[in-house]
Structures are given as C-alpha cells and as structure tokens.
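Participant: Quick mapping for you: the protein sequence lines, in order, are chains X and A.
Just so we're aligned, residue 1 is where the first sequence starts under the working numbering, counting upward by one.
Just so we're aligned, residue 1001 is where the second sequence starts under the working numbering, counting upward by one.
Please note: incorrect hints may appear among the correct ones.
[Claimed, not checked] With a straight-line cut-off of 30 Å between C-alpha atoms, the simulated DSBU-like cross-links for lysine-lysine are: (1) 315(X) x 1068(A); (2) 46(X) x 1189(A); (3) 1132(A) x 315(X); (4) 1092(A) x 313(X); (5) 1076(A) x 275(X); (6) 320(X) x 1076(A); (7) 1070(A) x 313(X); (8) 1189(A) x 8(X); (9) 1057(A) x 416(X); (10) 1167(A) x 1076(A); (11) 416(X) x 336(X); (12) 46(X) x 1092(A); (13) 176(X) x 365(X); (14) 1068(A) x 320(X); (15) 320(X) x 1132(A); (16) 366(X) x 383(X); (17) 3(X) x 1189(A); (18) 320(X) x 1092(A); (19) 383(X) x 416(X); (20) 42(X) x 1092(A); (21) 313(X) x 1057(A); (22) 392(X) x 362(X); (23) 261(X) x 1189(A); (24) 1068(A) x 313(X); (25) 1092(A) x 1057(A); (26) 1189(A) x 162(X); (27) 1033(A) x 75(X); (28) 1057(A) x 315(X); (29) 421(X) x 320(X); (30) 1058(A) x 421(X); (31) 162(X) x 1076(A); (32) 1189(A) x 42(X); (33) 1033(A) x 1057(A); (34) 1076(A) x 313(X); (35) 1092(A) x 162(X); (36) 1167(A) x 46(X); (37) 416(X) x 1092(A); (38) 421(X) x 336(X); (39) 392(X) x 421(X).
Hints were generated in silico from the structure; no laboratory data involved.
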Amino acid sequence: MAKTLFEKIWNDHIIRTIDGGPSVLYIDKHFIHEVTSPQAFKGLEKRGLPVFRPRQIVATADHNVPTVDQHLPIKDELSRIQVQQLIENCQRHDIELFGLGHPYQGIVHVIGPELGITQPGMTIVCGDSHTSTHGAFGAIAFGIGTSEVEMVMATQCLLQSKPRLMRINVEGRLNKGVVSKDIILYIISAISASGATGYFVEYAGSAIRGLSMEARMTICNMSIEMGARGGMIAPDQTTFDYLKGRQFAPTGAAWDAAVSKWSTLYSDEGARFDKEILIDAAAIEPMITYGTNPGMGVGISGHIPAESEIGEKEKPSYIKSLAYMGLQAGSAIKGKKVDYVFIGSCTNSRIEDLRMVASFVKGRKKADHVEVWIVPGSKQVEKQAIEEGIDKVFEAAGFRLRQPGCSACLGMNEDKIPAGKYCISTSNRNFEGRQGPNARTLLASPLTAAAAAITGEITDVREYL
Amino acid sequence: MNDQAINKIVSTAVPLNQENVDTDQIIPARFLKATSRDGFGENLFRDWRYNADGSAKKDFVLNDATYKGKILVAAKNFGCGSSREHAAWAIKDAGFDVVVSSFFADIFKNNALNNFLLPVTVSEDFLQGLFKAIQMDPSTRIDVNLAEQTISAAGQREHFDINNYKKTCLLNGYDDIDYLLSIRGEIEKFEQQQA
Ligand code: SF4
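With the hints as constraints, model all of the structure from the sequences given.
Facilitator: Here it is, written out as structure tokens:
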C-alpha cells in the first residue's frame, strides 16, 4: 500500500501499540538544553533510574546564555546555576555536552543539523517546540515537555498517538525578494495559528524542492506556529550534499548504505493525506506580522485588516492584540518606524541568513535611531561569518555580530526589547512579551529585517534590489 | 507520582475568556530559570496579573475575588506556542485540577496529562454556555467526572474524549514512565533488531 514519508519512518519506530491508546515510539536522537532538562534529571534521580542510552543524547547551552563576553562567568545568578546544573548533569550521566566555550556550542536546532547529527529517517525529540526544524532532513522531529524528556532519558521511548497528516504543496516560482521565511509566514497567515493543530505536515512541491537546506529548515521550524506537531520535507540530493562530510555524518561504506536507505524516504504516489493544501508560490510577497500571533501576517504592500474584515467572535482578541502593538486597524504596514532589528534564532541565524543580510547591507549604513542585534546560531556559524568577512560588513554598516544563543528570541538572557519598542525580528514568535515585557515584535525574513535596519522603517525590500 | 490519581472534581470555576492563550502568557520565559518543578504558580499569567511594579492588575480575572475554584475555563486554542511544561506546572501549582476549553494545543495537552492536570475539550456551544453561566452566577458548580467522561454545569452536560490508556493512568495515578519501564525488555529487543 502507498505510504507517506511520515508513515514510513513512524512504522519503522513503533515497538507496540496499546489497544485503544497510543503507540510506543522509539527515539533515535534526543537533544537537551539547560532550561527544560533539570527537572527531568531530578525526576530520574528521584526514581533511582540511570539514563538508559546516554550516547543518543546531545546537550548544549543556548536558551539562557549571554551573547557578549561568553568567556566570563554568567552574571545573572539563576542563569548561571541553570547552565552549571546542565554541566553537572551531563558529567554525572556521561552525556556529550557542547557547552559554552565549546567550538560546537549553539542553538540546539542549529547545531544538530550543522554537525550532521540530524539525519533522514530518524526520530528526534527535544524539550523545545521548534524541534520541528530537524524535519527538513526527512526526520520525524517534534518538541516535548519535561516529563517526556524524563521518559526518553529513562527508556528512549515515548507514548504517542499517530497524528493526522497534512501535505502543503508550494508550487511555482518565488518572486524576487521573497525567501523561505516569507513562504512559511504566508502559509500560517493563510491557515491561522491553529490551522494545523493535530497534524504532522509534509511540505512538498517545486518551490520547496528548489530550496537550500537552510531555507527548508526555516520552513519546518515554524510548523509549530500553526499548531502542527511537526513538519518535514522528503530528503533528496540537496539533503545528501548538505550532510556529506559533516562531523557526525556516516562515512565510507556506511555513507553509501545510508544514502540508499534515505533515498527510499518519500511519500509514495497515491499515499493518502488527511488534508492537502496547494499554495501558489508566485502569489507570495515579502511578509510581515502586525499582531501577537504568527498567523497575523500580511504582505508588505498590504494593510492591517480593518475591524470590519474580522469575524464577530475574533474581534475582542483582535482589538486587544492591535492595542498591544499600538497599531491602527486598516492602516498600511509599510513606512512604520522601527526601533530594533533582531536577526537570529533557530529560524534564521544560519550562515546563509547572515550572508543574505550582509549582501544587502554591504555599502549601506544603518539608520541612526535603530539598534541592530545580529546573533549567530552557533559557534561554527560565527566562525564562518568571520572567515568570510561578514562581521566586517556589519561593522561598516554600524552594527556588530554577537555570540551564539537564543537571545532576544525569547528574552531569557539580558537581550530584551524595551517596553513599547518595535522590533523587526527574524525569530518565530510575536507573542505578547516574548522579547521582553510589553515589547512589540514584527516577524519578517532576514532580507526584510536588513532593509528595515538601513531605512529605520518597515520597508519593501524589493524597491532596493 | 502515585498520590496524584484524579477522578471526580466538583468546583466553581475561574473564567478566562480569551482565545489563543500561548504559553508565554501562562508563564513568561524569564521565570523559567528555576531547576525544580515547584513555585511556578506565583508567576502564572504574570504580565496579565501584575503591573511592572508588582502591584496586582485589578481587572484581571485571577485577581478578582468573585471567581475561584479548581477549574480554569479557557477559550479556544489554549496553550499554544512553546513546549514549556512549566505552563502546566504553573496552572497546577496555582491550585487548578482541570482546564476546560474548546481546543487545546497538542503539546500543552500532553504536558497537562503528564502532570495530572485534566484538559477537558468541550464543544464551542457548551463552552459559551459555561462562560455565560459563570458570568451570571460565579457560584456555578461544575461537575467533572473522569470515569464517566462527563462534564456538567448549569443544566447542561457533555461527554468528553480522552484516550483509554491516559484515562486509566489518571484514575490510578500511574504515569508513562511506569508503563515504559514495564516493557523495557521489549525495547531492548527492538534495539537489537535495528542494529
Ligand atoms: S531560538 Fe528561540 S525558538 Fe529557537 S530554540 Fe531558542 S528560544 Fe526556542
């Protein structure tokens, strides 16, 4: 029978299914970080259990780390304790840690792929909802809570019910100035922030096939922002080329065997999805969000919906959201002044993103009133950016490359956007207070963010290309 | 966690009639620095509940003495966003045993179940009826019966879904780790076949 990509991997990892209940799913790789793991280690120790398969866990410190002076002790006491606990827990349980100061340290969803740990056909989990990023390699990857982190530490398994399956086909050619972040913001605005709840999504179609691995990761990363459990893309030559030669990728005969296995991972002709959606790539403009969930986005030449365009039931939360953002229903989004530009997060902090920003700002200067933070996704990205001279381009434009971490994506460290200020951000969430209490976040692509850094306002990047 | 079994919960409720409540609202990231599971209730809905100077915002429902109880009644798409289990811990720690909504985000639902916080999904009509009833009479009692999978209040009653396995866990106070440990031999056999 014709099978979907998801089903092929799922079936390969099911140990048993409980009658009328969930299945026992075997987990190949487990990423952990400092914020959602300490309680899991404690729980395990309370039960007197060892970590079952420490070799299948990889740890890093990212959520809570400073992005300047990383060689100094962390100033914030609670953050320091959390990072210290991760170090101790990893030592005690013999888990590989790419912590602060390690050449592989970085945002968990950036380092997994760039080290070649993330591979097609795997089941991958992490106590972080953007684990969906790894699905770009044709893996079943999803975020879990801390109790589940504990379960995987204890047994390398999770109890999961099979989700419904959705395929989103993006066909056709992208317009100039439109990049993968715009595709996913467009999809979420089309189906809403809860439009894929209960589903696992496969992205397919010619526009997806044409994307680089970095760009595919950006798309899968934001699957959770429409409620999906995860997102995935069938592996192909682009995937294999990306993985070949990476630190933890197979080599020699094992590589050939892996590629031939990976080549069987695609949805068969006639495989059944519970829902299919078709998106016309040519209809997508550079996107920006105006509200407080990622579904509240528009094309850059568009306007914020007037109240009359909003359903009666949604109206109260719509009004509240615009009041929080200090924006006017019915007004144009272009030309609005911005105060901060944040380029970073597991959505858009890879080398390709930094190159995109550098190529736009080269020979230009940032607007005087704008503060720009560029935070690479990992030590390796940082190193490569410096080798390529990207840091010099940034300096000439009036800003600086910081050190890797989650940073202003969630404002757990000191990188917070002040109350009331507008920030164009390449991250994935524009929730109230996400970047700091009362901060106002507008999500966009690295290109649109770069344009705003130069002009100091929301800008249609196409006018400058 | 075997002391946590739940079955019947009868209580008044706190209504939070706001759609798309994300986990950053339930517990903002800056309060995730703790390394234990306790004490998150204090910062539940922190930025809706308190001003920047720490004083209570009078118009927020958790600060309104009119409403109390072990049941939180929330609007559609509750718990979206981050996977932070701290959200479920905070709600439980603040004294709630049940959250009612017409739609829960997936990860939140799992996290709640893993912490013996019962997510009850009702129809949109039932939910609206509930909000109305509570507004008219804050002493309205809601009856949640897990064994029968029913929720009733103000003369309406509805059946809710929960998978059998999870129901048994909640009724008996077991969790998934207990189950998975019991099949460890099978897990090891599976690994050997894969290798
Ligand atoms: S960058 Fe943001 S979204 Fe990504 S893992 Fe860090 S906090 Fe989560």
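Participant: Going straight from one Cα to the other, do residue 1092(A) and residue 313(X) come out at no more than 30 Å?
Facilitator: With Cα atoms ~29 Å apart, residue 1092(A) and residue 313(X) stay inside 30 Å; holds.
Participant: Holds or violated: are the alpha carbons of residue 416(X) and residue 336(X) at most 30 Å from each other?
Facilitator: holds, 21 Å
Participant: Within a Cα-Cα threshold of 30 Å, do residue 1167(A) and residue 46(X) meet the stated pairing?
Facilitator: holds, 25 Å
Participant: Does the alpha-carbon distance linking residue 1076(A) and residue 275(X) stay inside the 30 Å limit?
Facilitator: holds, 22 Å
Participant: Is the hinted pair residue 1033(A) and residue 1057(A) satisfied, with a Cα-Cα distance of at most 30 Å?
Facilitator: The given pair, whose Cα atoms are some 24 Å apart, holds under the 30 Å limit.
Participant: Within a Cα-Cα threshold of 30 Å, do residue 320(X) and residue 1092(A) meet the stated pairing?
Facilitator: holds, 27 Å
Participant: If you draw a straight line from the CA of residue 1092(A) to the CA of residue 1057(A), is it 30 Å or shorter?
Facilitator: holds, 22 Å
Participant: Holds or violated: are the alpha carbons of residue 1068(A) and residue 313(X) at most 30 Å from each other?
Facilitator: With a Cα-Cα distance of about 26 Å, the restraint between residue 1068(A) and residue 313(X) holds, given a limit of 30 Å.
Participant: Residue 366(X) and residue 383(X) were given as a pair; does the straight-line alpha-carbon distance stay at or below 30 Å?
Facilitator: holds, 23 Å
Participant: Is the straight-line distance between the alpha-carbon of residue 1132(A) and that of residue 315(X) 30 Å or less?
Facilitator: Satisfied, since the Cα-Cα distance of roughly 18 Å is no more than 30 Å.
Participant: Sort out whether residue 365(X) lies within 30 Å of residue 176(X), counting only the CA atoms.
Facilitator: holds, 23 Å
Participant: Can the restraint linking residue 1033(A) and residue 75(X) be considered satisfied, given a maximum Cα separation of 30 Å?
Facilitator: holds, 14 Å
When the structure is compared with the earlier hints, no violation turns up for any of them.
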